[in-house]
Amino acid sequence: MSLWKLALLIALFNLMTFGNGAVMIPLLQPHLLGGAGLLTQDQLLYACTIARVTPGQANLYVASIGYMLYGIPGAIIATLAIILPGYIMIPLLHGYEHLRHSRWIKSFTKGLTVTSVGLILAAVVQISSTELNQPIAWVVLIVTLVMTQLLRWNILVALATASCLGLLLKWLL
25 MSLWKLALLI
35 ALFNLMTFGN
45 GAVMIPLLQP
55 HLLGGAGLLT
65 QDQLLYACTI
75 ARVTPGQANL
85 YVASIGYMLY
95 GIPGAIIATL
105 AIILPGYIMI
115 PLLHGYEHLR
125 HSRWIKSFTK
135 GLTVTSVGLI
145 LAAVVQISST
155 ELNQPIAWVV
165 LIVTLVMTQL
175 LRWNILVALA
185 TASCLGLLLK
195 WLL
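Residue numbers (the numbering used here): 25 to 197.
Hints are not guaranteed to be accurate.
Stated by the list, open to error - Pairwise CB distance ranges (calculated):
1) Leu197 x Gln150: 21 to 29 Å
2) Thr172 x Gln150: 31 to 39 Å
3) Trp195 x Ile100: 33 to 41 Å
4) Leu193 x His125: 47 to 55 Å
The hints are simulated quantities; they were obtained by calculation from the structure and are not laboratory data.
Each residue gets a CB set at the ideal place from its N, CA and C atoms; glycine is no exception.
Please construct the entire structure, taking both the sequences and the accompanying hints into account.
Below you can see the structure in the form of structure tokens.
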């Protein structure tokens, strides 16, 4: 896959998902992981993790993907492919304001929300089916969920704690 084809895919998927970074993952996976074999599952997870723990847009993980595949030029082009469609959408917002209260638009928006949740769930299931293959991974997942969802810990603290726990368990076992 050329750099320009990657940029076109990113821009197209960004427009299709209205900039929702997590929803783009299952759309990009077949093009990057499947038959193309450009990235491994671990590299994709690494790119997504970097985007989650750094400030900025959640979909800037594509800059990491661009960097992994094509170096600095790849990171720059991938970042532009994520940012530019948003600027294209700005003039369309004026028209949306006139149609905002339309029953069709409300239904369409609800449909997009459900589709986004479904695509995110598909990505979670696909990634977890390959990564959660050891008891240590399950323990780290459960501890992370408890820390973030039940105890409401800061996500960075929970990630650091879960990482240390995983390393400790790997070292002990």
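Hint by hint, here is what the structure shows:
At about 27 Å, the CB distance of leucine 197 to glutamine 150 agrees with the hint of 21 to 29 Å. Restraint check, threonine 172 to glutamine 150: a C-beta distance of roughly 21 Å breaks the suggested window 31 to 39 Å. A C-beta distance of roughly 39 Å is found between tryptophan 195 and isoleucine 100, which places it inside the suggested range of 33 to 41 Å. Remark: the range hint 47 to 55 Å for leucine 193 to histidine 125 is upheld by a beta-carbon distance near 54 Å.
Against the hints set out earlier in the document, a violation occurs for number 2 only.
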